[in-house]
Amino acid sequence: MSTEATPHGEHDPHASAVRTYLVIFVTLALLTLLTVGVAYMKLPHAAGVVIALLIAAAKVFLIAAFFMHLRSEGRLINVSLGICLALVLILVVFVLPDIGLHELEAIQHEKHQHHVHLGDGPPPAEDAHGGGH
Amino acid sequence: MSTAHAHAPANTSTGISHAKLGTWSFLASEIMLFGGLISAYVILRSGSSHMAIPPREMMGVPLATINTFVLITSSVTMVLALVGIQRGNIQQFARFMSCTIGGGFIFLLIKAYEYNHKWHEGITLSSNLFGSFYYTLTGLHVLHVTGGIVLLFMILFAGLRGDYTKNHERVECAGLYWHFVDLVWVILFPILYLL
Numbered sequence: 235m236s237t238e239a240t241p242h243g244e245h246d247p248h249a250s251a252v253r254t255y256l257v258i259f260v261t262l263a264l265l266t267l268l269t270v271g272v273a274y275m276k277l278p279h280a281a282g283v284v285i286a287l288l289i290a291a292a293k294v295f296l297i298a299a300f301f302m303h304l305r306s307e308g309r310l311i312n313v314s315l316g317i318c319l320a321l322v323l324i325l326v327v328f329v330l331p332d333i334g335l336h337e338l339e340a341i342q343h344e345k346h347q348h349h350v351h352l353g354d355g356p357p358p359a360e361d362a363h364g365g366g367h
Numbered sequence: 002m003s004t005a006h007a008h009a010p011a012n013t014s015t016g017i018s019h020a021k022l023g024t025w026s027f028l029a030s031e032i033m034l035f036g037g038l039i040s041a042y043v044i045l046r047s048g049s050s051h052m053a054i055p056p057r058e059m060m061g062v063p064l065a066t067i068n069t070f071v072l073i074t075s076s077v078t079m080v081l082a083l084v085g086i087q088r089g090n091i092q093q094f095a096r097f098m099s100c101t102i103g104g105g106f107i108f109l110l111i112k113a114y115e116y117n118h119k120w121h122e123g124i125t126l127s128s129n130l131f132g133s134f135y136y137t138l139t140g141l142h143v144l145h146v147t148g149g150i151v152l153l154f155m156i157l158f159a160g161l162r163g164d165y166t167k168n169h170e171r172v173e174c175a176g177l178y179w180h181f182v183d184l185v186w187v188i189l190f191p192i193l194y195l196l
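Which chain is which? The protein sequence lines are D and B, in order. The opening residue of the first sequence carries number 235 in our numbering; numbering runs sequentially from there. The opening residue of the second sequence carries number 2 in our numbering; numbering runs sequentially from there.
In short, the hints are calculated from the structure, not lab data. Be careful, since some hints might not be right.
[Claimed, not checked] Some but not every residue of chain D turned toward chain B, in silico, with C-beta under 10 Å:
(1) 278
(2) 322
(3) 323
[Claimed, not checked] Quick look at which bits of chain D chain B covers, simulated, 3 or more residues with Cβ under 8 Å:
(4) 256-265
(5) 312-321
Even for Gly, the Cβ is constructed at its ideal location relative to N, Cα and C.
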């Protein structure tokens, strides 16, 4: 880390840290504007969700690494938090495939009902199992 | 910048001071608390037919965006207050600490206005699943902001008394908590207001 001279000729070891904080602050502000801007763009829903979550993750990283000084913390704290984060992700990620499967079944069920309503005859065999749950 | 905050290893078995280890352990439990609620919201939002999302106009995105800026600003003033006490500059510490506390109050004021507006728009705790999650998640966050303001007031007064001129670790730990509160809002903002 570089040091800078104060008006009294002393070296201030915090000057570059302050500069870094201000850069992070501006970056966080710009990322906030970007999140809002992207939300108002006519993007496909999935793309909008992915971009918003990526921006949120970037902001979380910047706050944790620089404002909370995780960059300069030891392995014990970083590994503990990593485990914590992994446990939270398990709560979401392990259940989402099940929801995706049910949504797929719901779509297939809807298709099946549509065929019956139009009187097109029975839907293809694989669709017939779709809405069974 | 990292070396400005790198401390000599504390005289403990972990090399980390008790205050800092305790704060990080507390924050880890907070991650699980908010993580559990947020993951429940994400899953129900993806899979429940009872989750009726209000239109964006009703959610008040501009006010929530201002609140995001307020918390981000209060986070940077918090680290600048820490730099102040590390420099031994009580005036800088007090000035930036007051700005941080002020940011917390502005956040709460905007939130109070937002709650009142939403309640009149029909988004209530019992209106639907979204309403329940909205008030639970943001309400828990508001409680954390309120607790943070009380903590920061205590740190400010102790700092003005000169308690932290030699050991400023408590200021750093209070800062860790405040940044965590900011960090939670950074996640809540897009998932509740924008998506």
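Restraint check, 10 Å cut-off on beta carbons, for residue 278 of chain D near chain B: violated, 13 Å
Interface hint outcome for residue 323 of chain D [beta carbon to chain B under 10 Å]: holds, 8 Å
Whether chain B covers the segment 312-321 of chain D (at least 3 residues having a Cβ closer than 8 Å to its Cβ atoms): holds (count 5)
Interface hint status, residue 322 of chain D versus chain B (Cβ within 10 Å): Cβ of residue 322 of chain D sits 3 Å from chain B, so the hint holds.
Assertion that chain B covers the segment 256-265 of chain D - criterion: three or more residues, beta-carbon distance below 8 Å: It holds: at least three residues are needed, and the segment 256-265 of chain D offers 5 whose Cβ sits within less than 8 Å of chain B.
Checked against the numbered hints given earlier, this structure breaks only hint 1.
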